[in-house]
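Chemist: Residue strings, one per chain:
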Amino acid sequence: MSEKPSVLVIGGGIAGIQASLDLAGRGFQVYLLEETPSIGGRMAQLDKTFPTMDCSICILAPKMIECYRHPNIKLLTYSELKEVTGTTGNFKVKILRKARCVDETKCTGCAVCAEHCPVEVPNEFDMELGMRKAIYMPMPQAVPRAMTVDKENCIECGLCTKVCKAGAVDLKQQPQDIELNVGSIIIATGFDQFNPVSIKEYGYKSYPNVLTALEFERWVCASGPVGGHLLRPADGRRPKRIAFIQCVGSRSLLKGGSPFCSSVCCMYATKEALIIREHEPDVEVYIFYNELRAFGKGFQEFVNRARDEWGVKYIRSRPGEIREDSKTKSLTLWYDDTLTREIKTLSNVDLVVLCPALVPRQGNRQLAEIMKIELDDCGFFKAKHPLFAPVDTTMPGIFVCGYCQSPKDIPDSVAQASAAAARAAEALALVQVGGAQ
Amino acid sequence: MEKIEPSTEEKPRIGVFICQCGINIGGIVKVPEVVKYAQTLPHVVYAEDNIYTCSAEGIASIKEAIKEKNLNRVVVASCTPRTHEPLFRNACQDAGLNPYLFTFANIREHCSWVHMHEPEKATEKAKDIVRMAAARASFLNPQEEAEVQVDPSALVIGGGISGITAANCLANQGFKVFLVEKEKELGGMLRNIYKFYPTDEEVSHILEPMINSVKSHKNIETLTSTTVKNVEGYIGNFVVTIAKEGEKEENKFKVGTIIVATGAVEFEPIDKYGYGKYDRVLTQVQLERILQGGRQALGKFVKPKTVAMIQCVGAREEKAPRAYCSRICCMVAVKNAMQIKEWYPDANVYIIYQDLQTYGKDYEEHHRKAKDAGIKFINYTRERPAEVTQDTGKKLNLKVYHALLGEETQLDCDLVVLSTPLIQHQEGKDLSKILKVPIGPDEFFLEAHVKLRPVDFATDGIYVCGTAHGPKDVGESIAQAYAVASRAAGPMANRKVRTEAITAFVNRDLCVGCRMCEKLCPFGAHKIEEGKSTVIEAICKGCGICAAACLRRAITMRHFTDDQILAEIKTAFLSESSVGGL
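Protein chains in written order, with my numbering: chain A, 1 to 437; chain B, 1 to 582.
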């Protein structure tokens with residue numbers, strides 16, 4: 001063991017950030033690995049958070065910057081895990097730092113290069129609703145604040161190199177192999193959103209006024225593709241009526257669906273409904289739900305407020321079909337009202353927000369193979385015991401936290417992140433004690 | 001003793017950084033106009049705008065300007081100090097400026113967000129706010145944060161599964177732990193529970209070894225039949241007074257951190273659905289205690305041909321404190337229904353629910369298994385709850401409107417089980433006063449920030465986990481228990497913390513020792529010594545209650561002196577034309 005115990009944290013979302021800050025704060029050396037150009041994760045994409053209605057990036061950004069400036073945290077963004085060998089107290093880790101083609105230490109993030117870059121591609125951070133250049137920063141609050149060249153789309157015209165006053169762009173930059181020795185590993189890879197295009201009856205991707213929830217978060221966010229104005233994607237007109245549909249692809253035993261409940265959708269739909277009413281108080285908002293799950297602290301109270309004070313209409317039903325008026329692009333929802341047992345329609349809907357299953361990341365399988373740990377049937381990292389060892393994986397010394405362990409919201413992810421930090425510290429303390437015997 | 005006076009040693013050289021916050025501010029307030037205006041203010045030698053002052057670029061710009069323009073005061077006009085003050089203070093510190101020579105002007109929450117339909121007026125108001133902040137800045141003094149030693153020991157209050165887990169984790173890391181439990185035995189609520197869901201393991205098989213490992217741990221001192229009587233002091237140096245049941249003598253010891261793991265109790269549904277009147281109307285915990293005795297014990301109590309479980313009894317009410325969903329009751333009902341069905345396969349078991357909270361990964365599967373096992377689910381609405389009456393033959397007659405079928409259902413039950421919420425207990429409420437930590441409208445302990453600080457209290461060095469924080473299952477309680485172990489281990493591992501610089505300061509020449517401050521201070525920071533008040537700076541949170549109440553004006557708040565505040569107020573009422581001549 002080196003004098004300073006060290007931990008590799010995989011995933012730079014809120015869970016990975018919290019685990020890193022806890023460990024760094026008590027003197028551990030932390031390597032925070034993130035596959036995209038910036039830390040921040042899913043929480044950075046959200047407009048607001050429930051039930052406090054805090055601006056999401058506003059409460060997250062200080063923590064991102066704290067990671068950046070912490071002397072005990074080394075950020076490894078735009079990087080991939082390649083190999084892990086060894087045991088608790090002595091893992092050998094190989095990491096590939098992809099070529100950002102920009103020197104992080106020189107780049108000031110002024111983005112002049114992006115102004116000159118002639119290549120435009122959809123911005124992943126904005127759920128591809130907006131565009132970015134081939135040299136880009138995914139979001140204004142990116143950490144590190146450095147540009148990245150997307151080599152797949154770059155045409156190597158060299159304009160960025162020419163206009164960069166800091167001399168930071170280096171299109172010839174090569175990927176770099178890094179080897180680390182760490183005592184413990186924490187996994188916090190978060191989630192992906194199920195793509196509801198396979199649920200044909202909802203017309204996602206064929207009807208422009210049907211969005212997913214994460215798309216809506218970007219759509220309505222001030223830093224998003226339309227500057228936070230509440231508009232119909234089809235024609236930019238002001239919507240009058242918006243509907244949310246819960247459990248799209250979740251709680252489903254159908255092929256391609258997910259059997260589990262994503263735990264957060266009832267609440268974020270309620271939050272997004274409130275955001276709509278804040279933007280445009282006269283827009284009608286409907287939430288079609290199966291079972292309203294408001295089980296966290298202050299959640300039921302939040303739903304009560306949305307229903308009683310903000311006039312959000314909750315309808316217990318799963319709409320069977322959405323149809324589009326090909327001229328107006330407005331939508332009609334067909335649903336079976338389970339409380340009145342009638343087939344009903346809701347027409348003149350300007351925007352439908354689908355709340356799809358939030359699913360384990362595709363890359364989990366590869367990570368699990370690299371670390372020789374198990375996934376569960378759904379593709380989440382398997383806890384050693386769901387109750388008594390919730391943040392232990394099936395391999396000693398490797399821990400897990402946040403949504404990638406099982407569906408959960410931000411506070412539960414933050415708590416688990418601290419928990420994983422505690423378990424990593426405990427494991428290293430016990431190794432030291434064992435070694436001294 | 002420090003004297004607080006306007007800084008006269010050097011002429012203020014103020015830099016003003018105005019954030020557009022994307023379009024949050026810049027979309028409404030004409031930021032370049034405010035920058036120009038700021039440049040005209042007294043002592044302001046530099047002003048600029050940033051798209052995001054909080055970005056790495058914005059921070060770099062502040063640092064650069066401090067050095068290049070020789071700034072000795074910094075104003076950032078942007079969002080809220082609640083999230084961003086540490087960041088900007090650190091930027092000042094990095095550039096060699098005392099971080100307390102920084103001040104905030106909130107032109108987002110206080111301006112652009114609330115005046116988004118009046119951009120002209122918002123721009124004028126932003127100027128006013130910036131002018132006030134600059135006036136305050138010229139009166140700022142450097143402040144120092146003290147360092148406090150932290151004793152590497154923890155008090156864990158509550159010996160349930162959360163307390164046991166937190167104690168064990170800290171002890172394994174070499175910290176000394178005092179584990180205090182009011183009952184004779186460790187184990188808490190789980191002592192009443194038969195099996196865990198979703199794993200179907202018997203509680204006693206798992207709990208006993210955990211309790212034994214805590215009892216035999218060399219770093220853990222287990223104190224049962226013991227309650228916490230008093231806590232004084234502050235992070236790193238709490239002095240705890242405990243009393244053992246039946247013993248007159250109280251004991252005192254010192255710890256560095258405190259973990260609240262006092263759990264919760266089941267709500268007793270007096271007068272609801274015949275509870276207390278009919279002996280076969282039970283709560284879930286009462287049922288669990290019978291189940292602990294096995295099939296025979298249940299059979300002895302009642303031959304369960306028809307059993308109904310009613311959810312949300314006393315929960316999800318219209319008003320606080322029990323407006324909340326208790327999170328675990330649906331799964332508890334599913335678990336116990338399955339147990340009865342396992343022992344009595346012919347029994348009809350009904351769960352009468354509003355919204356079934358089988359959230360997450362495993363519980364949905366459990367819900368499906370219950371349906372497959374033949375458990376029947378009846379949906380009711382809050383407007384039409386069930387009614388329970390007992391006939392002479394001791395059958396419990398249950399009537400409920402089945403909302404999904406749209407018809408009234410009648411059941412002749414042998415047993416009715418009420419799923420009631422977990423609630424805070426009196427000891428928890430008392431403890432909140434002893435520790436001076438808050439409880440929320442639901443009466444559970446209230447954390448520092450619902451989103452990002454789920455297990456910290458606002459008071460440094462005190463943490464909360466498990467059902468003391470709100471209803472949660474065993475896995476969630478254990479995750480939180482490990483989380484508090486991490487949070488508490490931080491300062492203990494470092495052996496020290498830095499404390500607030502913004503504290504109260506007593507001018508002993510003016511103090512007459514009236515003790516008003518001592519009585520009012522919510523943190524116990526004032527102590528009367530030799531007839532005069534003194535402030536224990538490590539406890540003081542800088543709330544200012546004492547300073548406002550002191551009749552002799554003997555108390556000054558560091559960083560919020562009368563001079564600083566009056567400068568802001570006076571300049572607020574200046575007309576624009578007279579500002580230049582301030």
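Derived from the structure by calculation, the hints contain no laboratory data.
If you're wondering where the values come from, they're calculated on a predicted model, not measured in any experiment.
Warning: the hint list may mix true and false statements.
Stated by the list, open to error - One-sided and incomplete, this derived list gives chain B residues near chain A with beta-carbon spacing under 10 Å:
1. Asn24
2. Ile59
3. Arg108
4. Arg368
5. Thr381
6. Asp442
7. Val455
8. Gly470
9. Asp473
10. Glu476
11. Gly513
12. Cys514
As the list claims (entries may be wrong) - On the chain B side, residues computed to face chain A include the following (Cβ under 8 Å):
13. Thr241
14. Tyr324
15. Gln339
Yeah, the Cβ is synthetic: ideal placement off N, Cα and C, and Gly gets one too.
Chemist: Look at each hint and say if it fits the structure.
Modeler: Taking the hints in turn, this is what the structure says about them:
no.	hint	verdict
1	Asn24	holds (5 Å)
2	Ile59	holds (7 Å)
3	Arg108	holds (9 Å)
4	Arg368	holds (8 Å)
5	Thr381	holds (7 Å)
6	Asp442	holds (7 Å)
7	Val455	holds (6 Å)
8	Gly470	holds (4 Å)
9	Asp473	holds (8 Å)
10	Glu476	holds (7 Å)
11	Gly513	violated (41 Å)
12	Cys514	violated (40 Å)
13	Thr241	violated (28 Å)
14	Tyr324	holds (5 Å)
15	Gln339	violated (17 Å)
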